[in-house]
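Asker: In case you want the letters, here they are:
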Amino acid sequence: MKNEGTIGSGKRFPFLLATMKGISQVILIENWLTGLLILTAITITSLELGVIAFLSAAIGTLTGRLGGGNRESVEKGLYGYNPMLTGMALLLFLEGPASWGIALFGAVIAAAFTASMMTLLQPTGMPTLTFPYIVTTWLLLLSSYRLDTFKLTDETVPQDLSHWKLEIAGKIHWPSAFLDGAGQIFFLQGMAAGLLIFIGIFITGWKLGLYAVAGNIIGICAAYLLGAEHLLIDAGLYGYNAILTALAVGVVFREGTNRLAPYTAIIGSILTVLFIASIDTALLPFGLPALTMPFALSTSIFIGARKMMQQP
Amino acid sequence: MKNEGTIGSGKRFPFLLATMKGISQVILIENWLTGLLILTAITITSLELGVIAFLSAAIGTLTGRLGGGNRESVEKGLYGYNPMLTGMALLLFLEGPASWGIALFGAVIAAAFTASMMTLLQPTGMPTLTFPYIVTTWLLLLSSYRLDTFKLTDETVPQDLSHWKLEIAGKIHWPSAFLDGAGQIFFLQGMAAGLLIFIGIFITGWKLGLYAVAGNIIGICAAYLLGAEHLLIDAGLYGYNAILTALAVGVVFREGTNRLAPYTAIIGSILTVLFIASIDTALLPFGLPALTMPFALSTSIFIGARKMMQQP
Amino acid sequence: MKNEGTIGSGKRFPFLLATMKGISQVILIENWLTGLLILTAITITSLELGVIAFLSAAIGTLTGRLGGGNRESVEKGLYGYNPMLTGMALLLFLEGPASWGIALFGAVIAAAFTASMMTLLQPTGMPTLTFPYIVTTWLLLLSSYRLDTFKLTDETVPQDLSHWKLEIAGKIHWPSAFLDGAGQIFFLQGMAAGLLIFIGIFITGWKLGLYAVAGNIIGICAAYLLGAEHLLIDAGLYGYNAILTALAVGVVFREGTNRLAPYTAIIGSILTVLFIASIDTALLPFGLPALTMPFALSTSIFIGARKMMQQP
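Residue numbers (my numbering), protein chains in the order written: chain U, 1 to 312; chain V, 1 to 312; chain C, 1 to 312.
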């Protein structure tokens with residue numbers, strides 16, 4: 001029986017549970033243990049990142065709770081994943097005295113943005129995915145150009161598209177490219193981090209794990225065959241969006257006995273690769289990272305199409 | 001008793017009333033006297049601006065009426081505020097023989113755009129705010145690059161983001177920065193204009209006045225503490241969007257006894273400052289002004305979040 | 001009586017019929033004969049373009065059918081027109097070994113995108129128009145900057161807006177400018193192609209034909225009077241979007257006895273000219289073509305406004 005007074009009552013540490021689920025929701029999974037494994041993967045890579053990841057997910061969940069968000073949504077971690085990614089991205093790409101403050105403020109905004117986007121999409125039945133994280137992060141990163149207390153790190157340099165020259169040369173270390181595909185969802189590189197995240201996916205369901213592996217391989221191979229920059233493939237940057245698309249289109253938002261789901265997951269993962277290339281290009285003049293926009297866009301196309309086509 | 005034949009029958013000069021309310025709706029207020037004070041503030045600053053402001057608001061209202069728009073919406077001035085701002089902005093930022101014509105044409109388009117956006121947002125219950133004005137103005141300003149009969153004034157020069165250097169130095173005259181915060185909503189500077197607009201807000205309700213003052217102060221202070229350009233703060237350009245956000249989030253779109261409204265108004269005003277900086281940055285390569293986009297975006301986030309979170 | 005087993009049963013070659021209607025739906029007409037005339041116009045201009053046009057429309061229709069799209073929508077050709085334009089545009093603007101593959105892949109994506117956008121717009125009652133084609137094409141064109149197997153042709157060169165200088169000089173051959181207005185809807189130039197398309201419109205309805213002619217003339221004249229580049233007017237690039245707007249606003253999406261329709265069609269066609277100029281400008285730094293965005297945007301404003309204003 002549910003107690004109306006507190007979230008997740010009957011369970012111990014209900015708020016911690018919701019926060020951990022918020023972390024796992026980044027990969028569209030509701031499982032606190034998966035969340036814990038991901039948090040471990042982050043923390044062993046960088047203590048600072050681990051701290052901001054936890055704090056941002058917690059702040060997002062708290063914002064959802066105090067703001068009066070739907071109890072079930074809060075418990076499922078749906079108010080945690082956008083803020084968590086926002087806090088991490090802002091801390092990673094910003095430097096200067098105000099960067100921690102902006103990162104935590106961004107987490108609050110991402111939580112409110114999530115609720116707002118739910119309002120916008122409610123009549124359509126479409127999911128919010130990571131759009132609130134992407135838009136909040138892009139806008140707050142751009143604001144650094146006009147505010148003196150924080151600025152972008154050197155990783156993000158605006159470039160003129162007319163002077164752009166593609167150089168694809170470089171060596172790909174396939175095993176690390178594969179594992180970094182999982183890690184890069186959380187801005188991580190390294191074997192251990194990648195392994196922990198894959199384990200986190202497989203313990204929730206072998207099917208999720210298979211789709212994640214398949215999406216990753218399809219993403220990497222499509223990028224290689226289409227002639228993407230080897231350095232980016234090697235860093236896992238062509239895998240992480242494809243993993244998310246494969247999970248979303250192939251498993252999570254699959255309704256009933258959809259026999260086409262495996263095919264749409266494959267097409268979706270390939271489309272994600274093309275979108276990574278195009279969004280990277282479109283953002284070049286602004287020096288912004290693509291984040292998970294390729295996944296969010298590609299997935300929205302297929303989920304939206306499925307909703308329309310499955311109507312009687 | 002209402003007469004079906006004409007708008008606002010029973011009142012004298014119903015069309016003038018609706019036009020004046022259209023002017024006051026820019027600051028989310030329905031009060032013809034406030035509209036008259038604003039029009040006075042504009043006209044004493046620039047006769048030309050006063051004429052285009054009145055004509056644009058009138059044309060918008062007329063478009064709503066002749067087009068068959070909802071009678072109540074037309075009477076409330078909801079077809080007037082986007083056209084008014086569009087007409088003013090186009091006349092201010094364009095020069096050349098066709099600029100008056102484009103400004104008045106833009107007012108008609110902004111009225112149609114308002115109705116269209118109402119259609120788009122109707123299922124979500126979200127307000128249109130000033131999005132129609134912003135998009136219409138941006139697009140018509142951009143068209144001047146390819147059409148010889150009008151062109152952008154020197155205030156709007158496209159710049160390469162990669163060559164951008166932030167210079168925050170400059171003296172801030174706090175009292176004029178404060179009053180220009182109100183004036184800049186209508187592209188005005190000067191003590192008298194600012195005072196008239198604040199009076200217009202206070203005569204409609206002291207609470208509106210307090211939120212406007214608070215939003216302005218929060219906007220200016222947040223901009224100063226985050227290290228925004230002093231010249232922009234001094235010109236009131238960090239205050240006017242924050243005023244609108246504070247009014248919208250704190251008072252106008254507040255439902256029932258929302259105890260969180262003051263806090264969300266404060267967070268919203270701070271977020272508006274960050275959005276001013278980021279939208280200014282994003283528009284740099286196009287040489288466009290941010291207009292009221294920071295307000296419209298920030299306010300939409302909080303109004304949308306409120307709608308979602310107040311559901312049972 | 002309808003047989004449930006196959007699409008368009010009772011008619012011969014139901015799939016071919018739906019494909020031809022898909023081709024005619026580009027100009028908002030459901031008529032296989034019009035589609036055939038258009039396909040002829042394309043093929044006599046370029047065999048390669050004719051092949052990709054047919055294949056893309058067919059693939060789109062097939063995607064709609066296999067994906068389980070609404071039978072009536074598939075039969076009407078609503079899954080064919082966005083893929084057809086996408087396939088043509090991608091083949092035209094891309095070169096390199098993978099360009100055919102990308103074009104056909106793009107057609108599949110445009111079909112899915114169409115269904116997804118139907119989901120998004122369903123609560124609002126707005127039509128999808130050519131938005132799926134535009135967004136898919138822009139994104140896949142941009143991806144060529146980061147993928148080595150295909151690249152943009154020389155027609156699409158990114159330019160810095162700050163170095164842009166407008167040169168309107170050039171001779172306009174009015175008759176060819178007029179006929180190319182129809183041809184350019186399908187990226188064609190030449191008297192015969194233009195004539196065939198106009199015939200295709202007139203055989204469906206003289207009213208459609210009149211609006212197409214009027215929209216074209218208004219578009220060309222407005223562009224000339226506002227001072228657009230003569231070379232673009234001469235190539236029909238200021239006419240084709242205006243034709244589509246006039247058809248959509250003046251005839252196709254006109255409900256009941258709307259006496260204002262002719263006026264909104266005229267205003268819409270003029271607005272389209274301004275939008276051509278502005279979208280061309282906005283896309284300059286990315287080197288992308290405006291495609292039918294001016295039409296889609298302008299038409300959405302007027303259809304959306306009509307929906308709102310005709311509510312009781």
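Worth double-checking, as some hints may not be accurate.
Which copy? The list can't say, so a pair holds if one copy fits it or any two copies do.
Unchecked claim - Here are the simulated PhoX-like pairs of lysine-lysine, each with C-alpha atoms no more than 25 Å apart in a straight line:
1. Lys207 to Lys307
2. Lys165 to Lys76
3. Lys151 to Lys76
4. Lys207 to Lys76
5. Lys165 to Lys307
6. Lys151 to Lys171
7. Lys76 to Lys171
8. Lys307 to Lys76
9. Lys151 to Lys207
10. Lys207 to Lys165
11. Lys307 to Lys171
12. Lys151 to Lys307
FYI, nobody ran anything at the bench for these hints, they're computed from the structure.
Asker: Now tell me, hint by hint, if it's right for this structure.
Answerer: Here's how the hints hold up against the structure:
{"no.": "1", "hint": "Lys207 to Lys307", "result": "within (22 Å within a copy, 36 Å between copies)"}
{"no.": "2", "hint": "Lys165 to Lys76", "result": "neither (45 Å within a copy, 44 Å between copies)"}
{"no.": "3", "hint": "Lys151 to Lys76", "result": "neither (34 Å within a copy, 44 Å between copies)"}
{"no.": "4", "hint": "Lys207 to Lys76", "result": "within (21 Å within a copy, 38 Å between copies)"}
{"no.": "5", "hint": "Lys165 to Lys307", "result": "neither (40 Å within a copy, 47 Å between copies)"}
{"no.": "6", "hint": "Lys151 to Lys171", "result": "between (32 Å within a copy, 23 Å between copies)"}
{"no.": "7", "hint": "Lys76 to Lys171", "result": "neither (41 Å within a copy, 50 Å between copies)"}
{"no.": "8", "hint": "Lys307 to Lys76", "result": "both (23 Å within a copy, 20 Å between copies)"}
{"no.": "9", "hint": "Lys151 to Lys207", "result": "neither (42 Å within a copy, 37 Å between copies)"}
{"no.": "10", "hint": "Lys207 to Lys165", "result": "neither (40 Å within a copy, 51 Å between copies)"}
{"no.": "11", "hint": "Lys307 to Lys171", "result": "neither (42 Å within a copy, 51 Å between copies)"}
{"no.": "12", "hint": "Lys151 to Lys307", "result": "neither (42 Å within a copy, 34 Å between copies)"}
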